[in-house]
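Participant: So you can see what is in the structure, the chains are spelled out below.
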Amino acid sequence: GQNIDQPTEMTATEGAIVQINCTYQTSGFNGLFWYQQHAGEAPTFLSYNVLDGLEEKGRFSSFLSRSKGYSYLLLKELQMKDSASYLCAVRDRDYKLSFGAGTTVTVRA
Amino acid sequence: DVKVTQSSRYLVKRTGEKVFLECVQDMDHENMFWYRQDPGLGLRLIYFSYDVKMKEKGDIPEGYSVSREKKERFSLILESASTNQTSMYLCASSLGHISGANVLTFGAGSRLTVL
Numbered sequence: 013g014q015n016i017d018q019p020t021e022m023t024a025t026e027g028a029i030v031q032i033n034c035t036y037q038t039s040g041f042n043g044l045f046w047y048q049q050h051a052g053e054a055p056t057f058l059s060y061n062v063l064d065g066l067e068e069k070g071r072f073s074s075f076l077s078r079s080k081g082y083s084y085l086l087l088k089e090l091q092m093k094d095s096a097s098y099l100c101a102v103r104d105r106d107y108k109l110s111f112g113a114g115t116t117v118t119v120r121a
Numbered sequence: 430d431v432k433v434t435q436s437s438r439y440l441v442k443r444t445g446e447k448v449f450l451e452c453v454q455d456m457d458h459e460n461m462f463w464y465r466q467d468p469g470l471g472l473r474l475i476y477f478s479y480d481v482k483m484k485e486k487g488d489i490p491e492g493y494s495v496s497r498e499k500k501e502r503f504s505l506i507l508e509s510a511s512t513n514q515t516s517m518y519l520c521a522s523s524l525g526h527i528s529g530a531n532v533l534t535f536g537a538g539s540r541l542t543v544l
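Residue numbers (the numbering used here), protein chains in the order written: chain A, 13 to 121; chain B, 430 to 544.
Among the hints, a few may not be true.
[Stated by the list, open to error] Computed Cβ-Cβ distance ranges for the label pairs, DEER-style:
(1) B:Tyr479 / A:Asn33: 49 to 57 Å
(2) A:Lys88 / B:Arg540: 29 to 37 Å
(3) B:Arg443 / A:Thr56: 16 to 24 Å
(4) B:Glu446 / A:Arg78: 40 to 48 Å
Calculated from the structure, these hints are not laboratory results. Even for Gly, the Cβ is constructed at its ideal location relative to N, Cα and C.
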């Protein structure tokens, strides 16, 4: 099984940077995903990490350390539309994907 | 625009009723999944399927069954609905090869209330 932990809520100001941490324990590791979910909508894919290091995609970056069982999602130049829930998901050795409970980010003007 | 379509956005059922949740994808994806999403618990995998007529149990299969008679359609069945099955149900699909950046595409969800 897998144990995935991420903070429940975070609040930040428009234009600021927010870092959402995710720690995991898994039976084997085959990749880590971040999804974004706006209230009342379906989750959508943001990023994928399978090797250690930083993956940058525009204002969003995701980092992975496999030895520490740790990832973070970095949101830069926050915009109001970034207010959403951010889901960390880990794929195990059987290629089964499990999700954390999600982090609700509120962006204030 | 590629889509995963869930037939019902909101359902209200009574305890003991049989409930069908339908999911159709138009992307020719091999893999299909059913999750339920509850506050504080995140998405939990109920069942998944990697091919037609194939199904595998996820983390919380009890009280549920599934059917995959056609590649594009994956149905979730609650044989006898109970109040603890009140939840948001999300269907997802992905391409056949399950390694690599195999991204899930989700449907909009079906919110089921069991009275």
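Participant: Return the numbers of the hints above that this structure violates; sort them in rising order.
Facilitator: When the structure is compared with the hints, numbers 1 and 3 turn out to be violated.
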